[in-house]
Structures are given as structure tokens and as C-alpha cells.
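Colleague: This is what each chain is made of:
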Amino acid sequence: MDSKRKYWRGLPELQNENLREELAGKEFPQEIPVEVFLSNQKKLEAEKTTRRDFLKWMGFGTAAVALAACKGPVIRSIPYVVKPDSITPGIPNYYASTMFDGFDLASVLVKTREGRPIKIESNTIAPYFQSISARIQASLLSLYDDERLKGPAIKGKSVSWDTLDEYVTERLKKVHESGRQIVLLCSSFPSPSTKKLFWNFSQIYPTARLVTYDAYSYSYALEATEEILGTRALPYYELSKTELIVSFDADFLGHWSPESLEKVYAKRKKPASDMLTHIQIESNMSLTGANADTRIPLKPSQVRKMLAEVYKALNGGSTNTRAQKIAQAIKDKGSKAVVFADGSKEAYALALLINKQIQSGSLKKDRFLLAKESDDKAFERFIKDLKEDHIGAVLVNDTNPLYSFSAAEELREALKKIKLTVSFAIKEDETSEVMKVWAPKHHWLESWGDAYPITGMYTLTQPVIQPIFNTRQLQDSLLTWSKPGEGNLSFDRESLLSCYDNCNGKIPTYYDFLRSFWERNILPKANVSSFNKSLFDGFVEIPENPELNTLAIDESPYLRGLINTSEKKDLELRLYTKTAIGDGVQANNPWLQELPDPITRTTWENYVTLSSADAKNLGIRNWHIGDGAMNGNCVNLKMGNINLEKIPVYIQPGQALGSIGLALGYGREKGKAALQASGVNAYKLYKNFNIFQEGIQLEKSEEIHKFSCIQLQHTLVGRTSIARETDLETFLTQPKKVWNEEEKIGTYKGKIPSNKVTLWKEKDRTQGHHFNLSVDLNACTGCGSCIIACHAENNVPVVGKDEIRKSRDMHWLRIDRYYSTEESFESLEEKGLSQKNMFSEPEMYTHLLEPETNPQVIFQPVMCQHCNNAPCETVCPVAATSHGGQGQNMMAYNRCVGTRYCANNCPYKVRRFNWFNYAENDKFDFYMNNDLGRMVLNPDVVIRSRGVMEKCSLCIQMTQATVLKAKKERRKVKDEEFQTACTKACPTEALSFGDINDQESQITQKLKEDRSYKLLDFIGTRPNVFYQVKVRHSKKI
Amino acid sequence: MSGHYESPIREPLILGNKTYHDITQDVARPIESKAGKLWWITFGTALMALVWGMGCILYTIGTGIGVWGLNRTVNWAWDITNFVWWVGIGHAGTLISAVLLLFRQKWRLSINRSAEAMTIFAVVQAGLFPIIHMGRPWDAYWVLPIPNQFGTLWPNFNSPLLWDVFAISTYFSVSTVFWFMGLIPDFAMIRDRVTKPIQKKIYSILSFGWGGKAKHWQRFEELSLVLAGLCTPLVFSVHTIVSFDFATSVIKGWHSTVFPPYFVAGAIFSGFAMVQTLLGVARKVLHLEDYITQKHIEYMNIVIVVTGGMVAVAYITEFILAWYSGSPFEDFTYFSPGAATGPFWWAFWALIICNVLLPQALWFKCVRRSFFWSYVISIFINIGMWFERFDIIVLNLSHDYLPSTWTGFLPSFVDIGIFIGTNGFFFVLYLLYARTFPVIAQAELKTIMKSSSEKYKKMRDEQGNH
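As they're listed, the protein sequences go chains A and B.
Residues in the first sequence are numbered consecutively from 881, following this note's numbering.
Residues in the second sequence are numbered consecutively from 2, following this note's numbering.
Mixed in with the good hints, there may be bad ones.
[As the list claims (entries may be wrong)] Label-pair ranges, simulated between beta-carbon atoms:
| # | chain 1 | residue 1 | chain 2 | residue 2 | range |
| --- | --- | --- | --- | --- | --- |
| 1 | B | Gly-310 | A | Glu-1579 | 57 to 65 Å |
| 2 | A | Ile-967 | B | Leu-145 | 45 to 53 Å |
| 3 | A | Ile-1625 | B | Thr-171 | 52 to 60 Å |
[What the hints assert, rightly or not] Partial pick of chain B residues on the chain A-facing surface, computed with a CB cut under 7 Å:
| # | residue |
| --- | --- |
| 4 | Gly-63 |
| 5 | Ile-66 |
| 6 | Asn-72 |
| 7 | Arg-73 |
| 8 | Trp-77 |
| 9 | Pro-146 |
| 10 | Leu-163 |
| 11 | Ala-168 |
| 12 | Ile-169 |
| 13 | Trp-350 |
The set of hints was computed from the structure by calculation and includes no laboratory data.
Each residue gets a CB set at the ideal place from its N, CA and C atoms; glycine is no exception.
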């Protein structure tokens, strides 16, 4: 610090040198007239202030001050002076838009309240890309991230946009003059208007080049499709008539396909004689594998071989019996089968070849997915050019190569040498750190934009909030920097000006550009009246018929590529992306970090997944400590010359022998929340953009890792009536009591269905609404979308890694995952272990506690069951939780004194206690601890203080709003109007909600179905949530 | 044969040929003399523990229940364990003074005062926990059915926690009145002896102008009988109601009709153990060897071994019924690796060893009559009974219906600190009591002295029966 700095007490002192010196010696500028005051004794004596008076005033003063200090905090809310036409306080507005952050893309509806977006919902009228995953919904929170860049900067110093523009254009010109390249490094960016705009840019700067680089590359898939189907895009699969899916390590319920397939998949899983069969051959236990009917764990090299064998078997040339069986299954289904593969160009291509060969009806040849444009070759050329000094400027958008590129260090050195480096990142990341110019762009919720994600559909992005910070849209930056008519640059004036003509020669904004682009190029082709109409819908459909090149295919190089893998003893690695974190773009999002992984149910971390046999060989264990929390050994991982140290190991049932899994997207170096998460950067192992890596050596390290896992018991311990499942044959041929037995209570009259016996006086629940929620275990894929929707709707707090480890997760809705055990009560009985023998019971339970090595998986969403005879309600001493007239079990937060008796007495353990204040508490430094972050909170739901119990309310604020709206409009509520946040978000319609007093409603029909049952019904709680039995194909291959 | 026959095996309840005056002297000695070094050391330690516990309580109230080791599955652990433990301890006093009074058991007279003091101090500790275990203890008064600003907002009369509030407060107030009433003649005795004016003033207020008149004694006796009648059902009701906290719930291992008698027996079991523990010390420190004799110890040990047996039968009943039910839920609670070999095996075996196995030694007369061994066993029973409540609460909660939510529990330093703090508080109260209150109900004790015939019997013993 500069200690010589001068401080002054006002301008006179600064200006008057003498005065300053004079004052310097004195504490008070003027003498205090003590003498005058005290010397006038007569006057003092004449005053009537006695000692008593003094004490009185003193007392009053103290009391007054103390009382004033007791005043509650004042929160000022400022009403609109002039109310905007479109905004009515308390009524949400919805805007159609397109979510795109470089990894995910979806057509969405944004719910805004008083001008701020508070929730992302699905744009249900969009024909494609309407599923909203957890990540898509959670991207809302990154809008309110207080770590976002607040404005433009050059070399870390804040500047104005004008200065920045001047700086950049000057250097761009120089680069152009020097003949070096200007590279816009970008993730897949399927925006047609931006492409056009960049084309304009490249007219002014002819050396400009667009390099598409995706952290998680789809390049090999694009190449394979190009070679087989003749178009560099991803094939589009339509599963509505598919009866068999054979997937070779393709995580198609995850990110394998940029458009999620889960909706149709779940529909095809509806139990019927033609129900979809799903065979998954994979090494890691993926979300997709967890949903499969048959799952074959094989290590990556064998998965590839199996694919080749199946191809050969289809053509009659394989000796592998398993492959023959799979091939036979494919042959049997013929065009109703489809094969997916992932991992290499060869695998992808061969799968396409099989689909072509069997003339699979699922593979649509007139439609392609265009959302991904990864081009690894272009990126490699860029690296080469960079090293050879052919590049003069690098502009980076939506991508973070210094984090995600396997050889990040070389790239860092090369980038440092470049004269002009511009980052458009919305917050600081590993790449922006070395960038000279920061031109932060808007969050997608503040931006204009468009996308062309699939043949036949164009979508629009519109801003739903004023930019929060001094940021600027990427396209606006490009437009400003490519202002035509300046200097001696050569460009095609005609074509460029055509886009500018609406703006009278001024620099158009991107909005003008986008609109004129759409009005010229897109709207004429579509059957849409105006731009505003398409903006209202969020998308337009255009009839398109892409031309197909029929290519002569020789499968032999692909087959060779698959089989030519040397058998090594070393472990093989399958890199994967987690449901919550994806490729790591949103690593700083606390909602996503705290979303438990659907399979391992851990949060805030990545780890090596290892099979129990391999773990045993390495001497690695997972164990639980006294408070239940899980600990595990760590390993040092060696691959070639890459060493990653101290990676925790999670022993994963279902992990293929000889293989390990590791999730991408962790090990970030920037961002508060991302830093709280523990993990390693697995991109360092992502050599050649290949998710399969070989030659992995693991070595046990001394380190012990503390997992933050919220489910510590993996099996049902024989309690199969909790998450019920049956096989299709039994379901179709046997009566209900065989596969979905009603639970009965033994009484003196014999066994009676549990809902016929009660201690309580029956209430008449036929009046008004009576809400029920249905959970279809067959349709639930475990994707976690509902959990994030619940977070956003109900202001559920984030508690952080340490609290999760203490099993203090606050999720109102959780998705339990159970593995099957090798043994059941029946099979153990054959071994002589039985419940009938008191002394063999401990051993029996020991068997049931362990999951098998290749288990079947079942997901079970559990939220408050809203019991009609709720155990929680009777035990609350202050009646803070009571039953609502519409079937909900309600919490009066203000009345709760926090005895937690209700939570103890809840058989479903869905009640969540506020152990601390989670809002405005520095110990929980997440979004609720800053003003910006709190803008995401739903104003319809209060924030709970510490010491108060909370839980699922069946989104009572939503149902009440629906009821009131109908009442105002003097009509009955329509069935489909009743929704909760989770049912709205569920991409597979596994969750549905409605009024069972309405005989016509969907929920009433569901309740009557044979598959429905209530959780732990025998306790007599009479829940208002019911489940539908899961039905699988039982045949093993 | 003239005269009555006197059983030679009945031992006297007071040893050492005491006269009335000797008893007065012995009882007044701790009050009139200066405290010894040992007292100061124990008091200092207890006070430190109390201050530490207060610190932990304030930290909890200031920060949130999260500073304890609880989690979403185990929402009660040390808090309610301590609560039930202290309530249980608070059972022996009233049982001794009320039930034994009704049964005319004169041996209670040497120990009833201290046992009742223990009861009251233990209930004070117990009463702390329901308040501090709340998330928002400043709203604790909402559980009381008092007029309020919310209109006609009542507490929930269905809730066993509310029943607890009534049961404990009734028990506490009636026990206190009963205890205090018994103290009045003794306070009067001290009032008459002390010389310092302040002491005199205090004891004369406390003695309510007792004059020792026949009318006073008559009222005293009548009120004793009435209060004893009132207290007796309370002895059974309090722990029955505490057991309802668990028995009326739906959680496996809690939901059990055997709980009320089982809890009452357990409470008497633990209460007597605590009386043994405290008197074992008091006997030495306050030189009451002549008043608390082997006979007393033996009687108490008999109560312990009987109630201990009832508790053991209750354990076995629970096991058998769990197995007999055939429900995989019920069954698992007792037979899984969860109980005896699982994460809480130590708590399970602590319970079995301390409560079931060790007390069986009391079947032997030599152990039963040994001050040392009954002291040791009483300590183990105290520990075992704490673990019994811990097992009931934590084991059953941690492995309940849905396996997905199973967890464990580890106490935090705050949990431990508060428990230590209540022990400190208890001993602070007890030590202050020992220095200022007559620790033996001397007025009543004097009624069982065999002053008239004792001398001649002695002569007879010496000179043979002629």
C-alpha cells in the first residue's frame, strides 16, 4: 500500500495549503467551548435538571435506543411507477426460447416473474428438442451467478466497450495485414444467422476461420454418418415403433444423442405384448444400462469385438454364441430393431451399417440432427497452425480448451504468444485467464439467437431479462468489429450491405440482423405469418427433404478397426459424462453439483468406478464410518506419461471386469461452487477425443477419500414390496395378485386389505379436489430432471458437500436407486437360511445386503406421500403439520417449533429439517447468500428459516393458482391444468398429477390400473402418492 | 411364654446405638461445619462441566441444531436418549418415598430424602432436553395450551410429546411438593440449631413456622399419605407416557405394546442404580455409615435384580415377537447384522452386558450385601440404561423402512458437551443440596428407633435368655 497517500477533510483543506498545516496539529477544527459552558455557574444552577431528572432521561434514552434497535429488518419493495403493459405483479409471464450453452440445446419456455426469469420449462408444442434435462433447467441459475464477468476488460483492467472495440479492431486490422489467420474457436454453434454473420465478418477479414471444437467431441460420429449416409450430421432415430434396441455402449438416454430419446423410449416401455426390449452391452454402469432389460458388462475392447461379432453373425460368420443370440434377436425383429454404438468411428459406422442392413424403421433417412458440429481435424489443424505461427488472433466462444483439451499445457504456451486473444466467456475460466481481451457475452437468457438443430426445425432465442451486467452479445461484438467501409479492407460490399440496409448504414444490432435474416431466409419457407409469431412459438417448422447419397459401402475397414485391438492386461478406461455436470460447462452450478448421480448417488465429486473383483485385487475398499458416511481408498492413475493422483474409487456393481470409468467435467480451477466439488480433470486422459482409453495402471494410494453419497444401502434387503417389479410374461398372463399383491393386515377376522382397517374416523374426501400423484416405475429413467424442477419451484436450499456427507440433503424429491441382490428370500430358503429359523437370520440378511456383480437396477422417485392418515400429523405437538382439504399433508412453517418428531415418524423419510439457516449464511456461500443469486427464488414460496421442518407440498402454490384462475373465469378446472413442478419437468411422463374426484381424469384411470400400488401400504398411512409396478423383459442373453 | 417373640434375623436399620441427639448431630453436621477439600474439588469439577454444557447449549441455540450429529434419518439421538435416561433416573425417589410409604417399608427412611432430591434434580436435567432439542426453542411455549394471540390455536392433543409435557411437569411439581413437605420438620430442626442470623432467617422461612405440635404432626402425616397416594400413579404414568413417544409411532422397533411396562421397569431399575451410586458416595463423604447399612443396600439390590429381570424379559419378548411376526421389516431390526454385529454392535453389547449379564451377580448374597460390588454394578447399570435408550432411538431410526435412507450416527462435540453439562448441573445441585439440606429425614427416622427395649435386649443377649 502507498503510505504516502494524502487524505483531506474537505475541499478547502485540499486547496488551501496553510489550512491543511493548521489543521494537521489539531484534532478538532474548532475549539470546543468547554470553558464557556462550565464557567457560567449561575446559569447552570438555575437549570432545574436534578440528579433524578438526569437518571430519568438517561433511563428513557437507553430504553429508547434499545427499543429502536429491536426493530425488524426493513425490506423495501418498490412498486412500478408506470406498470409495464405486459407485467402484472404476481402473474408469471412465459416466453418461448431456445436454451443453448455449447453442450445442451432445447426448446424451452421461460417463466418470468416481475421481469426476472425464475424457471425453465419445456416448450411442449415444439416437435423436437422439447425434453428438458436437469442441466437445461439448472442453466437458469448460472444467469444469477455473482461470479460472472461484470464488463469488458483488457489484460484484466476494466475498460469501456468503445475502448475495447478500438483495441480489437486495430489489432484485427494488423493481423489481417500481416496475413495471419483470425480464428473463432467455438463449440458447436448451430445458429444459421451467426454463420451468415461470420461469413460477413470473413468478407472483411478474409483470413478469418471458424474452428468448431467441442469439449466432448461428436466428431467421429459425424464422420461415420458422413461416410455411411453421406451427410455430416447425426442420424435421427424415431423409436415409436421400435421393439428392440441393442446398444453397444451408447448412452442414448444420456448425451449420446443431442436430442434426448428418453421420451419415446419410455413410451415404448409401456407394458404390452410389443413392449420394447433393450439390450445394453457396456463397460460402465450408465443410466441407459440401468434401464436395460438385459445388460452385458464387457470391457471396452470386448464391447467393440462383440459389435463386430454381431455384425458377422448377422451375415452368418460368427462363432461367438452370445453374438449369435444377439444377432438372432435382431433378425427376429427385423426392421423393428435398431442398433446403437458409441466410442469410435468404426463402431458408429458399423451400427449404421447394421441398421441399414436390417432396414431399421427407426433410422430416419430424411432427417438429421444438426446440433453438433464438432470437428476434431479442424481443431488439430488449428493447434498445428498455432505452433507454426500462422495465427494472429484467437477469439474463443463457449468453449474452454485450456481446461478440456488433453494437451492443454502446450496450447496455453502457444496462446500466450498470440497478439490478440479474445474471450467471450461469461465468467472467468481456465482459458479466459490467458486471454488478453475479455468481451463477456450475455447469458442465453439475456440473448437473441437462433438455431437449426434438426432438419426441418429452426428455433429462436429471445432475451427475457435486461442484461444484468455490462455485457454484450457475441454477435454484436462481431458486427461492431466488422463495420464495413473502413480503411482499405477489401470486402464484398454488395452482399454485406444487403444485411445492413435496414439500418441506414449504421451498425445494425444483432436483433436487426437476426430479424432481417429470418425474414429473408427462413420465414418465406415456413408457413408462418410473421417473425413475431415464430418468436411467440419459439420455433418454425420447414418442410425439407435432404438429398441422400447412396454410398457404396465396404464394411471391412470398420470391422478391422474394431477387431484390431490388442489384448492387454492393463485396465481400460471408459470416460463418461455425468447426468448432472455433463461436459463441465456448468460445473459452477450448485444445483447440479448437488444433484445426486442417478447411479452412484454421490454429489460434488468424480471418482474411478471399479468392479468389486478388480478392487479386491488392488486391495481397495469402500466402507462406512459411524455416521453412515462412506469412505474409500484412492488410487494413482497412470496412462502413458499422464499421472493423475489420489482419485477416489467407487466400487460399482455392474462395472465390467478389467475396465474403469471416470467422469469428465470435474477438477475445475475456477468458480466457488466448482472448487468446492472434489475431483480430477479427466479431460487429461481424453486423448484423440476418444472416450475409450487403454493401458491404464492403477496403484493404491495412502489417501482416504470421504464420499458425499446420499444413499448408503444399495439393495432392498429382501423388501421387494417397496420397489415392485415383474417380468412381462407374468404381467401379461398372471392375475394381479401374483405380481402386485395387495398388502394385508392380520386381524381377528383374518387378513384384511390394509385400507379396510383403520383407527381413524373416515373423512369424506369426495368433495372438492383430491389430489393424487402417480409415479410410473416403468417410465422413470432416473434422469433427475424432476429434482432440479423441484429445486427451482420450491426454493430448496443447497447445503454443500460436507452437509451432504452428513446425510443432510434437503431434496424434497429424491430418486432412490436399488440394485438387485443375487439372493432372494426364496433362493436362500433352498440354502437352508430362512426367516423361520431364528438363528440363520443374521446370515440371511448378510446375503441380502450385498448387491450382485451385474445387478438389475430400479429407480424409485420418493417424495412426501401425502398420507391421508399421516403419521407425522399425529405426533406434532403444535399441529404445525396438518391435513389439507385437497389431500395434501401441509406444513405451517411459522408454527413449527422443530421437534423433528414428524421426521422420525415418517416411514418414507421425506421430511427435511433446516439444520442451519441456509439463506444469507456465509457458511453456505451459494446462490442464496448473495442478492443476485436470490433473484432466482420463486416469490410464491417462502424461504424456510433454521429450526423448521420442510417437505414436498405437492406444489400447492401451483394448484391453488390453477383453482383460483378457473374460479375467476367461472369454469371448472381442466384435468391437464393441474400440474406440479416435477410432473411438468418429467421428460418421460413417469410422474403425473391430478384430481381423483374427477372421474374422467387421467390420474383416476391410472389409479384404477392393475399396476398401481401404494408404498408401505400395510402401515395404514393411505398415501395420496401411488406407484406403478415396473415390468421388464426377463429373458437373459 | 410371656412377651412377644422377636425374629433374631431381622437386622436393625440404624447401627451404632444412636440416641435422638446423635441423629440430630449427624444430620446437621454437614450444614454446620465447613465444606471439606473433597467437596470443593467435586463441586468445582461439576461447575466446570455445567459451564461447558451451558456453552454448548448456547452455541446450539445460536447456530442451529446442525451442530449436533443428527441427520435426515436419525432426527433424535443423544438429546432424547439423555432425556429418557434422566427421566428414568428420576423414578426411584418417588417410588421409595411414596410407594414404600404406602407399603410401610421403614427402611426407606434413611434414603428417601436423597433419593427424592436425586429425582427432582434428574427431572430438571430431563426437562432441559425437550426444550433445547427444538429447532426453535424460543417458541417452546407454543406446546402449552395457553391463551395466545393466534386466536383459538391449541396444541395437538394427539401428540405424545404434548403428553410428555403434562406428565413431566405434573411429576416434577408433585414430587417437589412431596419432598419439600417432608423437609419441613427437618428445616425446623436446623432453624433451631443455627446461630447465624441469615441462616436462621432462611431456615425459618423454609420451615413454614413448624412448631412440632401434635396437630402439626397429624397434618404432616395426613398430607404425606395423600401425596403418596397421588405420587404412586405418577411413578407409573410418567415413564409409560415417555414410552408412548416411541410406542405410538409407526417406526419398527418403536411400535411395540410392551414398551410401557418395559419402560417403567427400566426406569425403576436405573433409578435404583443411580440411588446406589449417589448414596455409595454420600455414605462415605457425609459419614452416614450407620444409617445406610448393608440391609439398605441389599433391599435396593433386590429391587434392582427384580426390575432388571423384567427388563431382560422385555428384551427377549421383543426378539421373539420380531421373529414371530415374520415381517422382514420387524425382523431385520433385531436379527440383521444391524443389531449385534452391525455398525452399532458396541451399543448393543454394552446394553446386554451392563443390563442383563452383570446384574445377575446380585443373586448372590455376598455381592448383594457388598458395598463395593453393588457400587460397581450400579455404575454399569447406569451406563447400560443409557445405551438401552440409545439403542432404541438410534438403531431403529437409522435402519428404518426404506433402505435407501439408512444412515448412522456419530455425536458431535456439542452432543457430548451437553450431556456432560447436564451431569455437571446435576452434581452441582446435588452437592449444594448435601451442604444445605438435611440429607436424612431425621424427624421420621427417629420414629423407628428402638429406644426403649434396645438396652434390655442387649442385656438379654449378653446374659442369656432367662
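Colleague: Check each numbered hint from earlier against the structure, then list the numbers of those it violates in ascending order.
Modeller: Of the numbered hints, 3, 4, 9, 11, 12, 13 do not hold.
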